[in-house]
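Chain order of the listed sequences is C and F.
Counted the way numbering that gives the first Met the number 0 counts, the first sequence spans residues 0 to 289.
Counted the way numbering that gives the first Met the number 0 counts, the second sequence spans residues 0 to 338.
These are calculated hints, taken from the structure and not from any lab test.
A few of these clues could be false.
[Claimed, not checked] Pairs of lysine-lysine, DSS-like flavour, derived with a Cα cap of 27 Å: (1) C/K53 - C/K201; (2) C/K251 - F/K130; (3) F/K131 - C/K93; (4) C/K139 - F/K86; (5) C/K93 - F/K112; (6) C/K253 - F/K186; (7) C/K139 - F/K131.
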Amino acid sequence: MKPLKIIVLAKQVPDTRNVGKDAMKADGTVNRAALAAIFNPEDLNALEQALRIKDQVPGSEVHLLTMGPGRAAEVIREGLYRGADGGVLLTDRKFAGSDTLATSYAIATAIGTMEYDVIVAGRQAIDGDTAQVGPQVAEKLTLPQITYVEEIEKIDAKSMTIRRRLDNGVELVKTPFPVLLTVHSSAPACRPRIAKNVMKYKHARTLTELQDASEDYTRMFHDRPYLKITEMGVDDIGADVEALGLSGSPTKVKKIENVVFKAKEAKKIDSVDSDIEELIVELIENHTIG
Amino acid sequence: MNNIIVYCETNGNSVAEVSLELVTKARSLANQLKIDVEGILIGNNLNGLEKELFAHGANIVHKAEDPRLEFYQTLPQSSIVCEIIKKEEPQIGLFGATPAGRDLAPRVASALKSGLTADCTSLEIGEHYEKKTDTTYENLLLQIRPAFGGNIVATIINPDTRPQLATVREGVMRKVELETPLKGKVKNWKVDEIVDKKDFVVEIIERHVEEKKVNIKGSQIVVAGGYGVGSKENFDILFELADVLGGEVGGTRAAVDAGYIHHDRQIGQTGVTVRPKLYIACGISGQIQHRAGMMESSMIISINTDSNAPINSIADYVITGDFMDVVPKMIKYYKKNSK
């Protein structure tokens, strides 16, 4: 069958899973600087699904698309090390402050400049856990969406048969191309880096990265064009600036409260009704429960 | 117009729990705003299901019935929900944060260009003052949700777009029947006029329902019991507390070995490691092997008759007493004080 063009949506996120007591400051707020920036876990599951399609359909290509600041180019390099063929970094100050609606508009507009048969994303990113961007990108591109993908069971020239993970079971669906998939954490883990690819791509850079390092990129990109990670901004994708950033975001954050962790010294509580009620009310008020 | 609309899920012959929780919540918000509650039911053979919604506070129920809608599918449901919202113009739209709700709501929000807040744990009505434009917004939906891996709690608003959309976690709102059900109205929608052939390009080949797997690892609240719980029957009260709080039950190796609880739920070095927001240890002494599997919990409450139990040294709260006495009180006061 005809080779497929696959786009993987990936995000660089702070590692919120490992916020132990040590990652909290003395005042009980999150010490963000102490959190590593990682490849969003479910996006790695998504990359694996994309690579499996490529394995099955010879000649297919996998390209990553990530939106974020310059350092998010790391996500593209990681994808290249594991078997992707290329990647695009969508980066512009005008994207700052975008909620999921504005983000999905930016990503969908960028995808509009690329070729694709299948778009694969993680179900959700661990910094926000919204699971909204995948379905919203699908809507903006008027594609069907298959969420919570666990395995692609069959691919033929016109369709894919996919197993989805639901709360209380599984569902097998058949979808035509083009389609957007969001992949669940119960899907197979991503394959590790391939040494050969690490050697090949370890110098892959965006233009901005090379300029920042004052390196001579003209020669390098001329000799080894595969080392160039494409950067795209608002003008490159032809997006409407009003629909991006704060102005394009219908949701606003009114208030942020840190969940304040108690000091190590345990508070002693008697098993009498009044003390237990007081504890429960405190837990409800600080949103630990309820 | 301007009401609260709730997308209601069904499972066979009844309305899903989470949808009734949302209708109950919508009722109380609607009372505050002096508006009505509308429900949406989509499926095949929805006979009489509107009655459950009237009993929990809905004034109007929109029904879309068609044999092709027997099982949930994104595209037709999205077309129908968008059409109903465009025609009825609600100010607030609520969905359960279920697999279906989290699949559907973002698609709908994108099509309507509305703001959507995911996985809310609390909803309130309130005002907001915007300094930049010197504008005060009244009667906004304050959408409260944990974020950043549960380390912060954010209040999100949609000042300028309507409807204000939110998905709400299962089990966090209470489901309450009215003393007398409302005499509501049913509005039937013609599915053929809304959906298109293109809405059925994805085909469901097979559905397979499984028993729900235990997922203590992913749970934000864990109620755990040790050998001190004493019997399998005594664990029932821990399950009740976990159920009320929306958490899961775990056990120590000693409790598993004694046959009080299934080994799927074992926490510790030889079981799973959990890092929930809240860990309630009942009758657990706190061997190092157990502590290794739970000491990174954000908050630990220990309930033990022994005030010198080792686990108390890593606990944030220590309740000295019998869990059989303390846990029922926690359930009682949670029910009394939660919204």
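message: Against the 27 Å threshold, does the CA-CA distance of F/K131 and C/K93 hold or violate the hint?
response: holds, 19 Å
message: Between the alpha carbons of C/K53 and C/K201, is the straight-line distance 27 Å or under?
response: holds, 22 Å
query: Do the alpha carbons of C/K251 and F/K130 lie within 27 Å of each other, as the hint requires?
result: Between C/K251 and F/K130 the Cα gap is close to 13 Å, so the pair holds against 27 Å.
task: Compare the distance between the alpha carbons of C/K93 and F/K112 with 27 Å, and conclude whether the hinted pair is satisfied.
output: holds, 19 Å
- prompt: If you draw a straight line from the CA of C/K253 to the CA of F/K186, is it 27 Å or shorter?
  reply: violated, 36 Å
message: What's the verdict on C/K139 and F/K131, does the C-alpha distance respect the 27 Å limit or exceed it?
response: Answer violated: C/K139 to F/K131 is near 31 Å, above 27 Å.
- prompt: If you draw a straight line from the CA of C/K139 to the CA of F/K86, is it 27 Å or shorter?
  reply: holds, 21 Å
Checked against the numbered hints given earlier, this structure breaks hints 6, 7; the rest are met.
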